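K.L.:
From first to last, the protein sequence lines are chains A and G. Residue numbers for the first sequence follow the numbering used here, so the first one is 1 and each next one is one higher. Residue numbers for the second sequence follow the numbering used here, so the first one is 1 and each next one is one higher.
Think of the hints as simulated: they come from the structure by calculation, not from any bench. Because the structure is a prediction, the values reported are computed rather than measured. Check each hint, because a few of them may be wrong.
[As the list claims (entries may be wrong)] If you want the ones that stay clear, here's a sample from chain G, every Cβ over 12 Å from chain A, calculated:
| # | residue |
| --- | --- |
| 1 | K41 |
| 2 | D88 |
| 3 | S95 |
| 4 | E104 |
| 5 | Q109 |
| 6 | V116 |
[Said to hold, decoys possible] List of simulated lysine to any residue pairs, SDA-like, C-alpha gap at most 20 Å:
| # | chain 1 | residue 1 | chain 2 | residue 2 |
| --- | --- | --- | --- | --- |
| 7 | A | K42 | G | D88 |
| 8 | A | K42 | A | K57 |
| 9 | A | K37 | G | F39 |
| 10 | A | K42 | G | S73 |
| 11 | A | K37 | G | F91 |
| 12 | A | K42 | G | V11 |
| 13 | A | K42 | G | T31 |
| 14 | A | K37 | G | E104 |
[What the hints assert, rightly or not] Which bits of chain G does chain A cover? Going by a derived footprint, with three or more residues having C-beta under 8 Å, they are:
| # | segment |
| --- | --- |
| 15 | 23-34 |
| 16 | 46-56 |
Cβ atoms here follow ideal geometry from the backbone N, Cα and C, with glycine treated the same way.
For reference, the chains in residue letters:
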Amino acid sequence: GENVEQHPSTLSVQEGDSAVIKCTYSDSASNYFPWYKQELGKGPQLIIDIRSNVGEKKDQRIAVTLNKTAKHFSLHITETQPEDSAVYFCAASSGQAGTALIFGKGTTLSVSS
Amino acid sequence: GAVVSQHPSRVICKSGTSVKIECRSLDFQATTMFWYRQFPKQSLMLMATSNEGSKATYEQGVEKDKFLINHASLTLSTLTVTSAHPEDSSFYICSATLGGPGTEAFFGQGTRLTVV
Numbered sequence: 001g002e003n004v005e006q007h008p009s010t011l012s013v014q015e016g017d018s019a020v021i022k023c024t025y026s027d028s029a030s031n032y033f034p035w036y037k038q039e040l041g042k043g044p045q046l047i048i049d050i051r052s053n054v055g056e057k058k059d060q061r062i063a064v065t066l067n068k069t070a071k072h073f074s075l076h077i078t079e080t081q082p083e084d085s086a087v088y089f090c091a092a093s094s095g096q097a098g099t100a101l102i103f104g105k106g107t108t109l110s111v112s113s
Numbered sequence: 001g002a003v004v005s006q007h008p009s010r011v012i013c014k015s016g017t018s019v020k021i022e023c024r025s026l027d028f029q030a031t032t033m034f035w036y037r038q039f040p041k042q043s044l045m046l047m048a049t050s051n052e053g054s055k056a057t058y059e060q061g062v063e064k065d066k067f068l069i070n071h072a073s074l075t076l077s078t079l080t081v082t083s084a085h086p087e088d089s090s091f092y093i094c095s096a097t098l099g100g101p102g103t104e105a106f107f108g109q110g111t112r113l114t115v116v
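Go ahead and model the full structure; you've got the sequences and the hints to work with.
P.N.:
Given below as structure tokens:
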């Protein structure tokens, strides 16, 4: 089955700096890669996703890149703000209906002002 | 986006009792829902896939008699933790997808179960 590795487990940055979180996956059939933000005591919230027919996607301060050959994808947050502090999870799935997301272990991002 | 509602958000129960958690898709029909379990400071671990009108598919290591899943309608899946013990204390989260290829998954707000 699919296995998703995520690094780093913790990341501390100064406000205004950029943050990068990287994930690798094992199943070449996976073609859907979402990123979730989870705040304490809440369910995950989708922040951006990318599908295998696209190499990069951007939404304001957030971008995701995908390298299918190397089976890795990354989350980039620019101009970080204290409210970006949370746990971020990457995930992968085949994208077919009824297929569950498999999550990485998460990255705790701390943005200090 | 679509909304998935999970209830209750918190529950405390005595050891040996059973607890039911509900997961509802409020504005869409979900033929498939997923149940995850999350321990403190850890990732979401898939427990089972809940299919409307059929038996759930459990992940390896998850006791189907312990975690009963019922998906009786296209908008409701329930997870019942039977004969709960302190080690069952965890954060349980459900999700549902709209269907179709590469579809976004929407998550409930989670249920914090504490067994005392």
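K.L.:
So which hints don't hold here, by number, going up?
P.N.:
Numbers 1, 3, 4, 5, 8, 10 and 13, in rising order.
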